[in-house]
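Enquirer: Generate the whole structure from the sequences, applying the supplied hints.
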Amino acid sequence: GIQVEQSPPDLILQEGANSTLRCNFSDSVNNLQWFHQNPWGQLINLFYIPSGTKQNGRLSATTVATERYSLLYISSSQTTDSGVYFCAVEWRYGGATNKLIFGTGTLLAVQP
Amino acid sequence: NAGVTQTPKFQVLKTGQSMTLQCAQDMNHEYMSWYRQDPGMGLRLIHYSVGAGITDQGEVPNGYNVSRSTTEDFPLRLLSAAPPQTSVYFCASSPEGTVSSYEQYFGPGTRLTVT
Numbered sequence: 001g002i003q004v005e006q007s008p009p010d011l012i013l014q015e016g017a018n019s020t021l022r023c024n025f026s027d028s029v030n031n032l033q034w035f036h037q038n039p040w041g042q043l044i045n046l047f048y049i050p051s052g053t054k055q056n057g058r059l060s061a062t063t064v065a066t067e068r069y070s071l072l073y074i075s076s077s078q079t080t081d082s083g084v085y086f087c088a089v090e091w092r093y094g095g096a097t098n099k100l101i102f103g104t105g106t107l108l109a110v111q112p
Numbered sequence: 001n002a003g004v005t006q007t008p009k010f011q012v013l014k015t016g017q018s019m020t021l022q023c024a025q026d027m028n029h030e031y032m033s034w035y036r037q038d039p040g041m042g043l044r045l046i047h048y049s050v051g052a053g054i055t056d057q058g059e060v061p062n063g064y065n066v067s068r069s070t071t072e073d074f075p076l077r078l079l080s081a082a083p084p085q086t087s088v089y090f091c092a093s094s095p096e097g098t099v100s101s102y103e104q105y106f107g108p109g110t111r112l113t114v115t
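Heads up: the protein sequence lines correspond to chains A and B, in order. With our numbering, you'll find the first sequence wraps up at 112, consecutive numbering, no jumps. With our numbering, you'll find the second sequence wraps up at 115, consecutive numbering, no jumps.
Derived by calculation from the structure, the hints in this document are not laboratory data. Keep in mind that a hint or two might mislead.
As the list claims (entries may be wrong) - With a Cα cut of at most 25 Å, we get these calculated SDA-like pairs of lysine to any residue:
hint: 1; chain 1: B; residue 1: K9; chain 2: A; residue 2: L107
hint: 2; chain 1: A; residue 1: K54; chain 2: B; residue 2: E96
hint: 3; chain 1: B; residue 1: K9; chain 2: A; residue 2: K54
hint: 4; chain 1: B; residue 1: K9; chain 2: A; residue 2: S82
hint: 5; chain 1: B; residue 1: K9; chain 2: A; residue 2: H36
hint: 6; chain 1: B; residue 1: K9; chain 2: A; residue 2: I44
hint: 7; chain 1: A; residue 1: K54; chain 2: B; residue 2: G42
hint: 8; chain 1: B; residue 1: K14; chain 2: B; residue 2: P108
hint: 9; chain 1: B; residue 1: K14; chain 2: B; residue 2: E103
hint: 10; chain 1: A; residue 1: K54; chain 2: B; residue 2: D56
hint: 11; chain 1: A; residue 1: K54; chain 2: B; residue 2: Y105
hint: 12; chain 1: B; residue 1: K9; chain 2: A; residue 2: E15
hint: 13; chain 1: B; residue 1: K9; chain 2: A; residue 2: T80
hint: 14; chain 1: B; residue 1: K9; chain 2: A; residue 2: Q42
Keep in mind it's a predicted model, so treat the numbers as computed, not measured.
Expert: Now the structure itself:
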């Protein structure tokens, strides 16, 4: 099956620092999403980004589908950015329906 | 819209007990799915449904049953709970019958402990 790898697995930042999270995938995918799981366990959609670049405030994401990777940029990090960041790829699994396959996540801790 | 709702938020079961995790969405989404999340791991797909009356297995279906009698509801049943089923369970939905090209929206999760 498809492999979805995220790096780094853990990251500690000082408030105000910038960071880049990476998601590599081993097969062609139809789409890709980035999620933030906050410390209370809630999964929040950040980006739906099959290709190209999108920006939302201090966050932006770039997906290069032909090279099988996506990047999530966090600028001027805040303590509320802490949590786990997941990428999930849409991949044909078994039958005709595509599935969302998750990476193992990047655990981010932003210190004041 | 309430979005995707799940009940209960927390549940403790003894080995061998059965229970149903409830999931509902009010966005008229065709596609619904159940995932489990274990410590240090991403989410893994248990079962999914592309519309009322249609369900299929995901990556880790053993020990779980689902049904989809209405567009709104997608309950997950544990027939005989076992400790390896201790996990956090998420329900998700998206607008289309396949997940292709549409965002998925997640519920708040159910934390299940089996002793």
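Enquirer: Sort out whether E15 of chain A lies within 25 Å of K9 of chain B, counting only the CA atoms.
Expert: violated (32 Å)
Enquirer: Is K14 of chain B within 25 Å of P108 of chain B, Cα to Cα?
Expert: holds (23 Å)
Enquirer: For K14 of chain B and E103 of chain B, compute the direct alpha-carbon distance and say whether it is at most 25 Å.
Expert: Violated - the C-alpha atoms of E103 of chain B and K14 of chain B are around 36 Å apart, more than 25 Å.
Enquirer: For the pair supplied as a hint, K9 of chain B and Q42 of chain A, confirm whether the alpha-carbon distance does not exceed 25 Å.
Expert: holds (12 Å)
Enquirer: Does the alpha-carbon distance linking K9 of chain B and K54 of chain A stay inside the 25 Å limit?
Expert: Outside the cut-off at roughly 33 Å; violated.
Enquirer: Does K54 of chain A pair with D56 of chain B here, judged by a C-alpha cut-off of 25 Å?
Expert: Violated - the C-alpha atoms of D56 of chain B and K54 of chain A are around 33 Å apart, more than 25 Å.
Enquirer: For the pair supplied as a hint, K9 of chain B and L107 of chain A, is the alpha-carbon distance within the 25 Å limit?
Expert: Given pair K9 of chain B, L107 of chain A holds - Cα atoms ~23 Å apart, limit 25 Å.
Enquirer: Compare the distance between the alpha carbons of K9 of chain B and H36 of chain A with 25 Å, and conclude whether the hinted pair is satisfied.
Expert: holds (19 Å)
Enquirer: Does K9 of chain B pair with T80 of chain A here, judged by a C-alpha cut-off of 25 Å?
Expert: holds (23 Å)
Enquirer: Is the straight-line distance between the alpha-carbon of K9 of chain B and that of S82 of chain A 25 Å or less?
Expert: Holds: K9 of chain B and S82 of chain A sit about 22 Å apart, inside 25 Å.
Enquirer: Below or equal to 25 Å on CA atoms is what counts here, so check K54 of chain A against Y105 of chain B.
Expert: holds (19 Å)
Enquirer: Would you mind confirming whether the straight-line C-alpha gap from K9 of chain B to I44 of chain A stays at or under 25 Å?
Expert: holds (17 Å)
Violation of the numbered hints given earlier is confined to hints 3, 9, 10 and 12; the remaining hints are satisfied by the structure.
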